[in-house]
Amino acid sequence: MPISLNDDCALLEGYIDITDVDILHPWLQQNPTSAVDVSDCTGAHTAVVQLLIATGATVAGAEGTEDWRQYLTSGREYYAKENA
Amino acid sequence: MTAHHNTALIIDDATTVRMYHRSLVEQADWIALEAENGVEALEKALEFEVDLILVDVNMPVMDGYSFVKALRTSDTLGQIPVVMISTEAQLVDKDKAFAAGANHYLVKPASPADITHLLTLLTVGEVQ
Amino acid sequence: MNALLAQFVAESRDLIEAASKALLDLEQNAQDKEQIDQLFRAVHTIKGAAGLFEFTPLTKTVHAGEDLLDTIRAGDVPFTSDVADVLLEMLDRCVDWLDQVEAQEALNEDAAAIGDALSQRLRALIDAPGIGAIPELSDAAPEDTALPWPDDVPALPVSGAVTLVTYTPSVNAFFSGDDPLRTVQSTPGLVWSRIVSPKEWPTSDDLDPFLLHISFRLVSSASQDELDAHFAYVSDEVTYEAIVSAGDAPAEGAIDEGLRAMAEQLLVSQRSLLASDQASPAEDHCTASVAVVLQRVAQAVSIELSPELDADNPRATIDQWMAILGAALRKPEPKAVAAPPAVVEEEQADEPETIKQTASPARANSHLRVSSERIDALMNLAGELIVAKNAMPFLAQRAETMDETGELVREIKAQHNTINRISEELQSAIMQIRMVPMSTILSRFNRLVRDMSRKLGKEIQYVVEGEDTEADKAIVDELAEPIVHLIRNSIDHGLEDPVTREASDKPRVGTIQVKAYQLEESVVLEVLDDGKGIDVDGVIAKALERGLVDQDKVNNMTRTDALQLVFLPGLSTKNEVSDLSGRGVGMDAVASMVRRLGGSISIFSEKGRGTKITMKLPLSMAVQRLMMVEIGDGLYGVPIDRVVESQKIKSSSIRRHRNAEMVVLRDRLIPLVRMRNLFACPDVEDNDILSVMVVDVDGRESGLIVDKFHPGVDAIIKPMTGVLSSYQCYSGTALLGDGSILLALNLREIIECQYH
Chain R
232 MPISLNDDCA
242 LLEGYIDITD
252 VDILHPWLQQ
262 NPTSAVDVSD
272 CTGAHTAVVQ
282 LLIATGATVA
292 GAEGTEDWRQ
302 YLTSGREYYA
312 KENA
Chain L
19 MTAHHNTALI
29 IDDATTVRMY
39 HRSLVEQADW
49 IALEAENGVE
59 ALEKALEFEV
69 DLILVDVNMP
79 VMDGYSFVKA
89 LRTSDTLGQI
99 PVVMISTEAQ
109 LVDKDKAFAA
119 GANHYLVKPA
129 SPADITHLLT
139 LLTVGEVQ
Chain B
390 MNALLAQFVA
400 ESRDLIEAAS
410 KALLDLEQNA
420 QDKEQIDQLF
430 RAVHTIKGAA
440 GLFEFTPLTK
450 TVHAGEDLLD
460 TIRAGDVPFT
470 SDVADVLLEM
480 LDRCVDWLDQ
490 VEAQEALNED
500 AAAIGDALSQ
510 RLRALIDAPG
520 IGAIPELSDA
530 APEDTALPWP
540 DDVPALPVSG
550 AVTLVTYTPS
560 VNAFFSGDDP
570 LRTVQSTPGL
580 VWSRIVSPKE
590 WPTSDDLDPF
600 LLHISFRLVS
610 SASQDELDAH
620 FAYVSDEVTY
630 EAIVSAGDAP
640 AEGAIDEGLR
650 AMAEQLLVSQ
660 RSLLASDQAS
670 PAEDHCTASV
680 AVVLQRVAQA
690 VSIELSPELD
700 ADNPRATIDQ
710 WMAILGAALR
720 KPEPKAVAAP
730 PAVVEEEQAD
740 EPETIKQTAS
750 PARANSHLRV
760 SSERIDALMN
770 LAGELIVAKN
780 AMPFLAQRAE
790 TMDETGELVR
800 EIKAQHNTIN
810 RISEELQSAI
820 MQIRMVPMST
830 ILSRFNRLVR
840 DMSRKLGKEI
850 QYVVEGEDTE
860 ADKAIVDELA
870 EPIVHLIRNS
880 IDHGLEDPVT
890 REASDKPRVG
900 TIQVKAYQLE
910 ESVVLEVLDD
920 GKGIDVDGVI
930 AKALERGLVD
940 QDKVNNMTRT
950 DALQLVFLPG
960 LSTKNEVSDL
970 SGRGVGMDAV
980 ASMVRRLGGS
990 ISIFSEKGRG
1000 TKITMKLPLS
1010 MAVQRLMMVE
1020 IGDGLYGVPI
1030 DRVVESQKIK
1040 SSSIRRHRNA
1050 EMVVLRDRLI
1060 PLVRMRNLFA
1070 CPDVEDNDIL
1080 SVMVVDVDGR
1090 ESGLIVDKFH
1100 PGVDAIIKPM
1110 TGVLSSYQCY
1120 SGTALLGDGS
1130 ILLALNLREI
1140 IECQYH
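Chains as they are written, first to last, in the numbering used here: chain R, 232 to 315; chain L, 19 to 146; chain B, 390 to 1145.
If we strip away everything but chain R, and leave its shape as in the complex, we get:
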C-alpha cells in the first residue's frame, strides 16, 4: 500500500496512481491541517497532484527537491534539471 494514513500524517510512498485519489481525498477532507509527506514518493498521477494543490494540503518533503515534487511547492513550478 503506497499510502499510509494516520491522524496527523499521510505518508506517500512510491508511485501514487489516480485510483488512490479515492482514499486520499476523504482523508484530506477529514484532516485538512495534517501534513502529507512526499519524501519517499517517486511519482504521482496528475489527479493526485491536482488534489493536493486544490485542497491546499500541507506538503512535507517537497521543498528543495529537483524533481516533479517542485510542483507541490508554492510556485507550482518545475525546473527541468537536464533535458534528456
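Just so you know, these hints were derived from the structure itself, not from any lab. Among the hints, a few may not be true.
[Said to hold, decoys possible] Within a straight-line C-alpha distance of at most 20 Å, the following computed DMTMM-like cross-link-like pairs (lysine to aspartate or glutamate) qualify:
id, chain 1, residue 1, chain 2, residue 2
1, L, Lys62, B, Asp866
2, B, Lys862, L, Glu65
3, L, Lys62, B, Glu867
4, B, Lys862, L, Glu44
5, B, Lys844, L, Glu67
6, B, Lys862, L, Glu67
7, L, Lys114, B, Asp666
8, L, Lys87, B, Asp673
9, B, Lys588, R, Glu308
10, L, Lys114, B, Asp459
11, L, Lys114, B, Glu672
12, B, Lys844, L, Asp93
13, B, Lys422, L, Asp81
14, L, Lys114, B, Asp617
15, B, Lys1097, B, Asp1077
16, L, Lys114, B, Asp673
17, L, Lys62, B, Glu870
18, B, Lys844, L, Glu65
[What the hints assert, rightly or not] Facing chain R, according to a computed beta carbon distance under 8 Å, are these residues of chain B, among others:
id, residue
19, Leu570
20, Gln574
21, Ile584
22, His602
These numbers were taken from a predicted model, which means no experiment stands behind them. All C-beta atoms in this analysis are idealised placements derived from N, C-alpha and C, irrespective of residue type, glycine included.
Please arrange chains L and B on chain R, whose structure you already have, making use of the hints.
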C-alpha cells in the same frame, strides 16, 4: 590538404523550385547540379561527385522515395546524405521519407535560412 | 520582375496548358489513370512552386484543387463533368492570376475573395468529411518572429528563441486515460513548467478530483517538429508561442541559434533514419550516411568526435557520436542567470530585428546567372573588335601616302592606341567572366581514384595542388577527359600494389598528384605519380617493333625525346589491356585531345621513381597573339607563346648530320626546318644570312628557316573547315584587319613532317 568543392544535387520536376534551391545553394558557395527526376538524378550522381542531395517527393518517371531507395542500394553512392523536401506536411510523410532512407525532411517551401543552415552543417570539411 | 518569378510564371503557364489538355482528355475517358496522374502532377507542381511566393489566394486555390484531384486519383470521388467544370474554372483563374503576377508582381485585391470562394467550391466536391480541414500551407509555416519574454515566465537559463507552450487539457482528460502532467514532464527539451490553477478552487467537499481543473505553461528548447510530435494526440489543447529568452547576445564562439536548432533537428532525423526498417544493403548505407552527416555536422560546429568510426560496428560508434553531439548542441548555459523580465524586455525587442537583418537576402543581387552563350557572343564581338582594330595600322599606312602634313596619320595612330587599350581591357574583362577555377573539375576525381584503387587492390592518395588556378571555362571543361585518362593510366599502369611498393622501400600508399598553375598566358597542369615509372628502352623497342620510328632516328634521340614516343598512336607500354583504362584510350588519345585545345603535352619519367606528365594549355581559346612570318610569297602565323626566339644565323654555321640540318644556338643543338622546302617553294639563291624562328613544341625546340619576320598581330584562330581541314600543317585561319586571311601554322605537324 585541399579545399573541397561542395556539390549539391537538386532534384525537382519544377524548374522554379530547382532555380530557387540553386540560388540558395550557390549563395552558400556550393556547386549546384540539377535533375528533373530520380532516373536523371542517379545518372548525375554517378557522373559527378555529389556531397548532398536535395530531393522532391512527387515527380514523374521516378519519385523521391524510389530514388532514395535505389540510391541506398548502391555501394558507391549509398552513403551520400539525402534531404527530402516536399509539400506534404503530415507526420506520415516524414516517416515515409525515413523509411526510404532519407537523412532529413523539410517541408516545402523550405525557408532560405533552413536551407542555408543545412548546407553549412553538411559542408564537407578539409579533405586529408 | 526577378528571374525566379519569371520562371514561375512561364513554368506554371506550361503546366496549366498540360493540365487543361489532360482535363479535356479525361472528359472523353474518365477512367484514364495516366491523365489523372498527369493532371494531379501539374497542379501539384504549381502548388509547390507557388509556395515560394506570397500569392496566398493562388496557393490556396491550387492546394484545394490538388486535394480534390488526390481523392479522385484514389477513386474516392468520381470524375464528373461538374468536377471538370470547377477544375477548368480553377485553371482559367490561375491563368488570370499569372497575368496579374507578370504585369504587377502581385495579385489584384479581389484575389483573396475569389480564391476563397473557389477553394470552397473545390473542397465541397471532396466527399470525405474532414479532408477539407487540412491546414493551409501558410498556417503550417511557423512564424519566425519571436515575442518578448512573457511576465509570468521566470528568467531561465536559455538563449535564443524557445517555445512557450500553453497546454489546457480537457476537463474530462482523466476519463480518456490521459495523465497530462506526465505529458508535460516528458516534453522534449523541457526547461521549465508551471501548473496553472483555476482562479478559484471549489471547496474540498465540492471538489470532483476526477475532473481536470488545472492547465500548464511550459518552456521547451525543442524544435517545433519535436513539439508537434510530442503533443500530436492533444494538438487542439496546445498553443505555441516563440519567445526570445532573456536577451543575452550569443556568447563568443557560440553557435548561431538557427544553426544549432537545425543541427539538433538533423540529429533527431538521424535517429529516425537509424530506427527505420531497412533492407540488407541499404541498411549499411543508411548507417554510413548517418556517419557522414554526423561527421560533417561535428566539423561545422567544431566539435571533436571520438572514437574513430569502427568499421565493424559503426552503430556503436554512431551512438557515441550522437551522445557527444547531443550534449554539445544543447542550448549553452548563460554565464549568469538573466536579468528580471522588466529590464530585459527592451533588449529582447532588438534581437529579432538584428536576426532579420542578417538573414536578409542582400547577397542575392550580387551574383548574376548568365548563360554561357551570351558570354560567348560578347567574347566573339570583343574578338571582332580587336581584329577590326588591326585595320588601323593599315589605314595609317595608306594615309601616309596621301597625308602630307602627317597630321591625319598621327591622329589615326593615337586613336589606334586608345581603341587598342579599350579593346584589350574589354577582352580581359570578358575573359574574367569566363574564368573558373580548376577545382571545378579536379575535385571530381576523388571518387574515381578511390573506386579504382579499391578495385585494383592498391592504396592511393589523391592530392590536388593549385586548384584555385583559373582558366577559361571551355578549357577547364575540356580538360576533364584527358585528366581522367592520365589518372587512370597512373593508377592502372604506374602505381604498384602495396606489397610491391613496400618491397622496393616505398611508402605503402602511392600518391597521384595533380598540380595546376599559371605560366604567363598559359595554364599548366601536371599529373604526377610516384609509381614504377616508364621503361624508356621498352618504349623504344615497342616503337621500333611497330615501325613507328626507325633505328636511325632512335640513335639521334635523347632519352627524354624517346619517352615522348608514348604519345604516338598505336603504342601501348603494357601488354595486357586492363578493363579500367580500357582498349584504345592510350596516351595518343590524350595527346590529341590536348593538342585539339591548342595545348602541348610532354612526359618525364624515371624508372622506379614515377612519372610526370605536363600539359600546357592556353588560358583562353579566344584571341591569340600571332607572330607573322613570310615564306615564299605568303604570310603565316605562329602562336607567340610557342616562339622562343628569332635569330639571324650565318648559313655557314649550319651543321649537317646525315639528312638533318642543325645549328648551335647558345649551347643548344637545334634542328632546322627549311620552310620553303616544306611548302615546295623554289629555292632562292643562297642567302648568307638566314632568318630562324626557334619554336618550342612539346618541350622540344626546333628552328624554322623563314624568309622574313613580321610584327605580331592579335587574331582569333578559327579551326580549318572544308577542304582546307585536310591540310594538317595548318592549325587554323585568322582574319586580318585588312581583310586578308592568315594561315596559322601547326608547328607539331611541321616538325613531325621533318622527322619522317
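How the hints compare with the structure:
1. Lys62/L to Asp866/B: Holds, at about 16 Å.
2. Lys862/B to Glu65/L: holds, 19 Å
3. Lys62/L to Glu867/B: Roughly 18 Å separates the two Cα atoms, so the pair holds.
4. Lys862/B to Glu44/L: The hint holds at about 17 Å.
5. Lys844/B to Glu67/L: holds, 18 Å
6. Lys862/B to Glu67/L: holds, 19 Å
7. Lys114/L to Asp666/B: Status holds; Cα separation ~11 Å.
8. Lys87/L to Asp673/B: Judged against 20 Å, a Cα distance of about 13 Å means the pair holds.
9. Lys588/B to Glu308/R: holds, 17 Å
10. Lys114/L to Asp459/B: holds, 18 Å
11. Lys114/L to Glu672/B: holds, 15 Å
12. Lys844/B to Asp93/L: Satisfied, since the Cα-Cα distance of roughly 12 Å is no more than 20 Å.
13. Lys422/B to Asp81/L: Status holds; Cα separation ~17 Å.
14. Lys114/L to Asp617/B: holds, 17 Å
15. Lys1097/B to Asp1077/B: Judged against 20 Å, a Cα distance of about 14 Å means the pair holds.
16. Lys114/L to Asp673/B: holds, 18 Å
17. Lys62/L to Glu870/B: Roughly 16 Å separates the two Cα atoms, so the pair holds.
18. Lys844/B to Glu65/L: holds, 18 Å
19. Leu570: At about 4 Å, which falls below the 8 Å cut-off, the nearest Cβ of chain R leaves the hint on leucine 570/B intact, so it holds.
20. Gln574: This interface hint holds because 6 Å falls under the 8 Å limit.
21. Ile584: Given a least distance of 4 Å, the restraint on isoleucine 584/B holds.
22. His602: Check passed: Cβ of histidine 602/B comes within 6 Å of chain R, closer than 8 Å.
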